[in-house]
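**Student:** Listed below are the residues making up each chain.
There are 4 protein chains.
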Amino acid sequence: MTDKNELTRVESFSDAVFAIAGTLLVLELKVPIFESGLSRGDVWKKLAEGWPSYLAFLLSFGTILIIWVNHHFAIRLLNKISKSFLYANGFLLLTITLIPFPTAVLAKYIDTKYASTAVVFYSLACLLINLAFLVWWAAMHRPVYLIKPEVTKARVKGILSQLWMGVGIYIFTTLLSFWFPVIGIVLVIAVDILWITMSILEREMKKEVSV
Amino acid sequence: MTDKNELTRVESFSDAVFAIAGTLLVLELKVPIFESGLSRGDVWKKLAEGWPSYLAFLLSFGTILIIWVNHHFAIRLLNKISKSFLYANGFLLLTITLIPFPTAVLAKYIDTKYASTAVVFYSLACLLINLAFLVWWAAMHRPVYLIKPEVTKARVKGILSQLWMGVGIYIFTTLLSFWFPVIGIVLVIAVDILWITMSILEREMKKEVSV
Amino acid sequence: MTDKNELTRVESFSDAVFAIAGTLLVLELKVPIFESGLSRGDVWKKLAEGWPSYLAFLLSFGTILIIWVNHHFAIRLLNKISKSFLYANGFLLLTITLIPFPTAVLAKYIDTKYASTAVVFYSLACLLINLAFLVWWAAMHRPVYLIKPEVTKARVKGILSQLWMGVGIYIFTTLLSFWFPVIGIVLVIAVDILWITMSILEREMKKEVSV
Amino acid sequence: MTDKNELTRVESFSDAVFAIAGTLLVLELKVPIFESGLSRGDVWKKLAEGWPSYLAFLLSFGTILIIWVNHHFAIRLLNKISKSFLYANGFLLLTITLIPFPTAVLAKYIDTKYASTAVVFYSLACLLINLAFLVWWAAMHRPVYLIKPEVTKARVKGILSQLWMGVGIYIFTTLLSFWFPVIGIVLVIAVDILWITMSILEREMKKEVSV
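Chains as they are written, first to last, in my numbering: chain A, 26 to 236; chain L, 26 to 236; chain F, 26 to 236; chain D, 26 to 236.
Isolated chain A, as found in the complex (with noise of 0.2 Å):
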């Protein structure tokens, strides 16, 4: 079996782990109970209440989407695989296994007094996952250099400083969310969004950044 196959398999076993966790979120989500005698608008509002929760679907399943895309493009600069690898690329997918439960947690006490709390919590999570992204990023240089010979170094450091920007990111939204959860919250969604649309320009931009 050559270093493509296995690196074919680190990231099929990956996305296995993305889709399941992006997918489980929806057990999250709780059909409300309708009680007797209520009128049509107040079954829709009864419906509408769940926004919480639709809100913590939304983040964390564009959260696994944006993850999913950029280990895509990490992965390509690879081209062969260490043992180190291997596991500090299963501590990732442990982080993101773990996004069902702060989003569940977010879910049910955004819309409460313990708001600060959740977010505090849900933002801990992301701080998590980027520093797993940095402990996979250093794994693909030590022991062994897995990237490919043909990627700069400008690219490399670029992704880095990416990394650590992320991880500035999570740190200030987390200490912020514990006195102003909802700016904290309204932050990770807004960094979500940016880090979407800058992502599709760049790509569009610059043609040559794929290798």
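FYI, nobody ran anything at the bench for these hints, they're computed from the structure. Don't be surprised by glycine CBs; every beta carbon is placed ideally from N, CA and C. Incorrect hints may appear among the rest.
[Unchecked claim] Result set (EDC-like, lysine to aspartate or glutamate): computed pairs, CA atoms no more than 20 Å apart in a straight line:
1. F:Lys55 <-> D:Asp136
2. L:Lys138 <-> A:Asp67
3. F:Lys138 <-> L:Glu53
4. A:Lys138 <-> A:Glu60
5. D:Lys55 <-> D:Asp67
6. F:Lys105 <-> D:Glu31
7. A:Lys105 <-> A:Glu175
8. F:Lys133 <-> L:Glu175
9. D:Lys173 <-> D:Glu31
10. D:Lys71 <-> D:Glu60
11. F:Lys55 <-> L:Glu53
12. A:Lys55 <-> A:Glu74
13. A:Lys138 <-> D:Asp136
14. A:Lys105 <-> D:Glu227
15. F:Lys133 <-> L:Glu53
16. A:Lys133 <-> A:Glu74
17. D:Lys138 <-> F:Glu227
18. L:Lys138 <-> A:Glu60
19. L:Lys133 <-> A:Glu175
20. D:Lys133 <-> F:Glu227
21. F:Lys138 <-> F:Asp67
22. D:Lys105 <-> F:Glu227
23. A:Lys133 <-> D:Asp67
24. L:Lys105 <-> A:Glu227
[What the hints assert, rightly or not] Estimated spans, in silico, between C-beta atoms of each pair:
25. F:Tyr79 <-> A:Lys105: 29 to 35 Å
26. A:Val211 <-> L:Leu219: 43 to 49 Å
27. D:Gly183 <-> F:Leu185: 46 to 52 Å
28. L:Pro57 <-> F:Arg167: 37 to 43 Å
29. D:Ile214 <-> F:Ser186: 51 to 57 Å
30. D:Trp76 <-> A:Lys71: 34 to 40 Å
31. A:Lys70 <-> F:Tyr79: 41 to 47 Å
[As the list claims (entries may be wrong)] Some, not all, of what chain A presents toward chain L, calculated at C-beta under 8 Å:
32. Asp40
33. Thr177
34. Val192
Chain A is fixed; fit chains L, F and D onto it per the hints.
**Tutor:** Showing chains L, F and D alone in chain A's frame:
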């Protein structure tokens, strides 16, 4: 990694989401409680009383199957990907991941006086998926044209008009279901059955369709 | 995309459904409640009291495994696909996706006076899967003949008669279980064990079976 | 279809089961209930009180990861499959699919006076997986020898003695945990950590290990 491989990865990630969303539907089938002192006939009646869940399961599984087949044949028309397409595909997957939720609402309330809301909600979900397919289709054209040059304009237009027809149908069933939920859900089911039948016949008649 | 690739995609989609249906079975194993004041022996007895769930898990996982192996070897006989086959395969997957539901019914009631209904229900599910296999098999022949020309008529007939035998067996166990549920479920289990044993022996004896 | 392809299919089916079993673990993490009138400190304490669940999640995810890596490297030693091997692999997957159950038992009772039973139960599950690995390993040798001729006898023996060592360790931790559950679970965790560390070091030191 070639664009061919990238398409394969998009396909297999999508397939995983389809497979999980379809399989999670079974979690909505709840084992009925048989109190002591039931006759054999009562017990079977209890099992039969789960028909709204069985119906909703069949309908949603059928829908996911149709989406899978169509997604599969549409992907075959492409010869490359763009980041916009990746995110549009992700949005499409998001709407499919959601299916278990309106399915559960339908199963719980189709047999109650809230049937109208349940069917409207389900029909809206079908509409959302169709709209996501339109976005997905648009992302195949812009900003980068991803479709193989040998695919005729007529074929591309044919698919597009099918998508718009789907949007029209689900707007109609949604509106109708506010007043006539039973007719609404029967129509939604009929559209699925019709679609499968037409799709099988068309394929066997016009072999040259496949690219 | 070649027909070879299409077969691969059908296989991997089916595999994902098999894997998920098998893995979801574990969700039926509920952690027992240990009230305070139990002795160590009582606690282990509580765990052991979950035997109907463990048995149902083993049986259904074994069944899915057998289906996976047979699906796998049948797909190897094909050299192309048709839309009818895709939908017939989808219907087969639907019946497999359902397995966790009769499994849960069996686990809950095998040890009660409703055992008969539970076993009949489970046996009916096995029958349904076998019928779906017959439809699937038919779709390999019509409207397009998908089987490789080098596969002998004798081999095709052999598989078909195995399928009909399966249908016969499960009709028998279903009817029998109305009156003798314990014998019924023992037969269902025995058929699975026999099947695995025969399948291993046959394969090792007649190497030329593989195409 | 070549034996190469068959091995790939076995791998990807197994991977799907590993990925799902790992991801389902998150469903055991329950959102705590925050009653009204809790201070911020209380709320965080409530979240922290979930530590047995977090620990059990980490441990089981780590275990699945180790199994995935080892399964992966063992499959690389093969150049064909047999039906016996397919069923032995299925039995191995069955034991892995079960992991969420002892994990849930461990999470629920590690912090109670029933800790001993919970750890023994978990340790037994690890033992079962190791025994399934032995069966799997045996099925690589009999009735058909599936291992590539270029794999040295020494390497095959090395893996076998590792498996027996694992059996020995888990028999020991199981027995020990009847009286000293805390030491038992610490040992189980330590074995996992040690295994990952050794595996990373070995791989990086003896490059020639990979076949």
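**Student:** Each of the hints needs a verdict: does it hold here or not?
**Tutor:** Structure-based check of each hint:
Restraint check: the Cα-Cα separation between Lys55 (chain F) and Asp136 (chain D) comes to about 19 Å, which is no more than 20 Å; the hinted pair holds. Taken as a hint, the Lys138 (chain L) and Asp67 (chain A) pair is honoured in the structure, with Cα atoms around 13 Å apart against an allowance of 20 Å. Note on Lys138 (chain F) and Glu53 (chain L): the hinted pairing is violated, with a Cα-Cα distance of about 25 Å set against a maximum of 20 Å. The suggested pairing of Lys138 (chain A) with Glu60 (chain A) is violated, with an alpha-carbon distance near 26 Å, which exceeds 20 Å.
Between Lys55 (chain D) and Asp67 (chain D) the alpha-carbon distance is near 17 Å, which keeps this suggested pair within the 20 Å criterion. A C-alpha spacing of about 18 Å is found between Lys105 (chain F) and Glu31 (chain D), which places the hinted pair at or below 20 Å, so the restraint holds. At most 20 Å may separate the alpha-carbon atoms for a hinted pair to count; Lys105 (chain A) and Glu175 (chain A) meet this at roughly 14 Å. For the proposed pair Lys133 (chain F) and Glu175 (chain L), the alpha carbon gap of about 57 Å is over 20 Å, so the pair is violated.
Among the hinted pairs, Lys173 (chain D) with Glu31 (chain D) is consistent with the structure: their alpha-carbon atoms are about 15 Å apart, no more than 20 Å. A distance of roughly 10 Å separates the Cα atoms of Lys71 (chain D) and Glu60 (chain D); the hinted pair therefore holds under the 20 Å criterion. Our distance criterion of 20 Å between C-alpha atoms is met by Lys55 (chain F) and Glu53 (chain L), whose separation comes to about 17 Å. Taken as a hint, the Lys55 (chain A) and Glu74 (chain A) pair is honoured in the structure, with Cα atoms around 11 Å apart against an allowance of 20 Å.
A distance of roughly 30 Å separates the Cα atoms of Lys138 (chain A) and Asp136 (chain D); the hinted pair therefore is violated under the 20 Å criterion. Under the criterion of a C-alpha separation no larger than 20 Å, the hint pairing Lys105 (chain A) with Glu227 (chain D) is consistent with the structure, at around 17 Å. Restraint check: the Cα-Cα separation between Lys133 (chain F) and Glu53 (chain L) comes to about 17 Å, which is no more than 20 Å; the hinted pair holds. With a CA separation close to 11 Å, the supplied pair Lys133 (chain A) and Glu74 (chain A) stays within the 20 Å bound.
For the suggested pair Lys138 (chain D) and Glu227 (chain F), the alpha carbons sit about 52 Å apart, so the restraint of at most 20 Å is broken. Between Lys138 (chain L) and Glu60 (chain A) the CA atoms are separated by roughly 11 Å; this keeps the pair inside 20 Å, and the hint holds. Distance hint between Lys133 (chain L) and Glu175 (chain A) is unfulfilled; the C-alpha atoms sit about 57 Å from each other, more than 20 Å. At most 20 Å may separate the alpha-carbon atoms for a hinted pair to count; Lys133 (chain D) and Glu227 (chain F) exceed this at roughly 46 Å.
Taking the CA atoms of Lys138 (chain F) and Asp67 (chain F), the gap is about 24 Å. The hint is violated against a cut of 20 Å. The hinted pair formed by Lys105 (chain D) and Glu227 (chain F) meets the criterion: a straight-line CA distance of about 17 Å does not exceed 20 Å. Simply put, Lys133 (chain A) and Asp67 (chain D) have alpha-carbon atoms about 17 Å apart, close enough for the 20 Å limit, and the pair holds. About 17 Å separates the Cα atoms of Lys105 (chain L) and Glu227 (chain A), which keeps this hinted pair within 20 Å; it holds.
Between Tyr79 (chain F) and Lys105 (chain A), the C-beta spacing of about 43 Å breaks the proposed range 29 to 35 Å. Checked against the hint of 43 to 49 Å, the C-beta distance between Val211 (chain A) and Leu219 (chain L) comes to roughly 45 Å, which is consistent with it. Checking the proposed 46 to 52 Å range against Gly183 (chain D) and Leu185 (chain F) shows it holds: the Cβ atoms sit about 47 Å from each other. The hinted window of 37 to 43 Å between Pro57 (chain L) and Arg167 (chain F) holds, with their beta carbons roughly 39 Å apart.
Checking the proposed 51 to 57 Å range against Ile214 (chain D) and Ser186 (chain F) shows it holds: the Cβ atoms sit about 53 Å from each other. Taking 34 to 40 Å as the suggested C-beta distance range, the pair Trp76 (chain D) and Lys71 (chain A) conforms, at roughly 35 Å. For the pair Lys70 (chain A) and Tyr79 (chain F), the supplied restraint of 41 to 47 Å holds, since their beta-carbon distance comes to about 45 Å. Checking Asp40 (chain A) against chain L by beta carbon gives a least distance of about 5 Å; that is within 8 Å, so the hint holds.
Against a cut-off of 8 Å between C-beta atoms, the interface hint on Thr177 (chain A) is violated, since the closest Cβ of chain L lies about 18 Å away. Given hint, Val192 (chain A) at the interface with chain L, is violated; its Cβ is 23 Å from that chain's nearest Cβ, farther than 8 Å.
Of the numbered hints listed earlier, those contradicted by the structure are 3, 4, 8, 13, 17, 19, 20, 21, 25, 33, 34.
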